[in-house]
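Now for the letters of each chain:
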Amino acid sequence: MPPLNDDEQFETYLKQFHPLAPEPLPGEKPERAPRRKFVFAAWGVAAAAAIIAAVLMMRPRPEPPRSPDSPANMANVNQFSNSQPLTLGDANALLAHAPSAKAAIDQLAFPSPTTQLTKGTQSALAVLSKENIKL
Amino acid sequence: MTEIEQLYRQHGPALLLFAAAITGERSRAQDAIHQVFLKLLEHGNLSHAQDVKAYLFTCVRNAVLNDTKVRQRDAVLEDESAWFDPPNRDYAGELNLRRALWALPGDQRQVTILHLWSDLTFAQIADVLSISSNTAASRYRYALAKLREVMCAKEDSCATP
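Chains as they are written, first to last, in the numbering used here: chain A, 1 to 135; chain B, 136 to 296.
Since the hints were derived computationally from the structure, they do not count as laboratory data.
Treat the hints with caution; some may be incorrect.
Dumping the calculated DSS-like pairs for lysine-lysine here, alpha-carbon to alpha-carbon at most 25 angstroms [as the list claims (entries may be wrong)]:
| no. | chain 1 | residue 1 | chain 2 | residue 2 |
| --- | --- | --- | --- | --- |
| 1 | B | Lys281 | A | Lys15 |
| 2 | B | Lys188 | B | Lys174 |
| 3 | B | Lys188 | A | Lys15 |
| 4 | A | Lys130 | A | Lys119 |
Just so you know, these numbers come straight off a predicted model, no measurement behind them.
Just chain B, same shape as in the assembly (with noise of 0.2 angstroms):
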């Protein structure tokens, strides 16, 4: 196995997720993620990049980007496909949280799966989407807490101690 196949492996959970945060399909998203390994694969050098994983994160947001059927319309969440592997086969749960972080702003939706589920710093953050490490850790509280508030309201009663 390659070491981009290695990579793949491992960040590609995260990597879809984070795809599919802002194109709101699974397929696109597949398809953003394939066509950035297949690169990777076909001119298969990542010495240049100082830090592979945000590299990674950062190659996948572009070729999201670039996708101009995704800049030239508004991105729909779709619903039949899941994001996530439930705890508990909690789908009610999964759909639930989608529906949640699909309801946050864009910026603010990217950090949180970066930083929750990619385990990137806020200064990596910061790199991937060109903006300071202090404007990821503010997004990213602002996100939590409303996520957190929409979560609790959908389930109608959240945990207290």
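Just chain A, with the same shape it has in the complex (with noise of 0.2 angstroms):
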């Protein structure tokens, strides 16, 4: 109910009723984009960073020259003897490091066995290996 009496009163009575506030403005929010930007950076740098680790995991480490036969070499000739399967990586690095290609040939083919034989026992592929078999 408006007062009559006096200008000041009634001046009173209509600021009570508040204007309302309007919509906000189209776009808004600018607080968001910043963290937007942070989020994809860190996901850059987070992406950088397991990439180079890969590379850096990958790459081939360069070796100290050795001689052809020492027993380092020789390991590492064995080390390809495994029966993992041969890659082109693994045939450069034995070729490398044999003492010859036919070495390293030799080593591929005719891998040293890995596995002790117990006493008394033979192998069967040492043993069909001295016999004379016609064909």
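Take the two lone chains, each set in its own frame, and fit them into one complex as the hints suggest.
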């Protein structure tokens, strides 16, 4: 009920009505944009770090030159004689470190037995290789 | 939050009311103040404005009056969209006030809203409306008297001491 007696009271009454707020500006909430940029940047940095780490782990390490007959070289050759699949990289490494190309190929073709036979037993392959088989 | 957005939050309600008092339509008033503030955000510098508050009201008034649709026809009050948040959920009182304001001549209505709900001085109102301070003050006095008369007639009874 509006008061009639004086202007001041009437003004006070009218001021009790508060103007309604407008709708937010289109595209407001600018605080979120920098945060999104930061998240993208963090993901980018993480992805780059992962790629660099993978490249560093896969890169072959340069080794000091060794004499062809050194035990380390032989061990290196032997490591490729296991039953694991032969890859181009392995073959290259084998050729690089073996005393000769023939030795490398022999090593691949006839790997040294990795299992020790017990006393009194013989390898069937060794026995058969000594026999003369007529075809 | 930028300075412009702070100004929007601070003066937005009064600017919207002022624009609605010219257009009669809340949606058109809303468009006008969005237009003004988006331009300000785009070009974003208010350093040239001596009185930022008065400048904002001037910009909104110009935006509303530049709307050809408003100029080409007589503005009509939209009953459905409220202008005020009424005390004690007095929605009938809100509609009564809105209709009483709309019954005022446009220049008196603008002065009343600028002085009562936007807290502009008569000097600032004079700047916004390009009139003298004395004219602004006298328009306000006339408007207040008419407003009280109309509202009391509608309410059927007014509080008396």
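Given the hint that Lys130/A pairs with Lys119/A, does the C-alpha gap stay at or below 25 angstroms?
20 angstroms, holds
Given the hinted pair Lys188/B and Lys174/B, is their alpha-carbon gap at most 25 angstroms?
With a Cα-Cα distance of about 16 angstroms, the restraint between Lys188/B and Lys174/B holds, given a limit of 25 angstroms.
Hint check: Lys281/B vs Lys15/A, CA-CA at most 25 angstroms. Holds or violated?
17 angstroms, holds
25 angstroms limit on alpha-carbon distance, applied to hinted pair Lys188/B and Lys15/A
The given pair, whose Cα atoms are some 19 angstroms apart, holds under the 25 angstroms limit.
Of the numbered hints stated above, none is contradicted by the structure.
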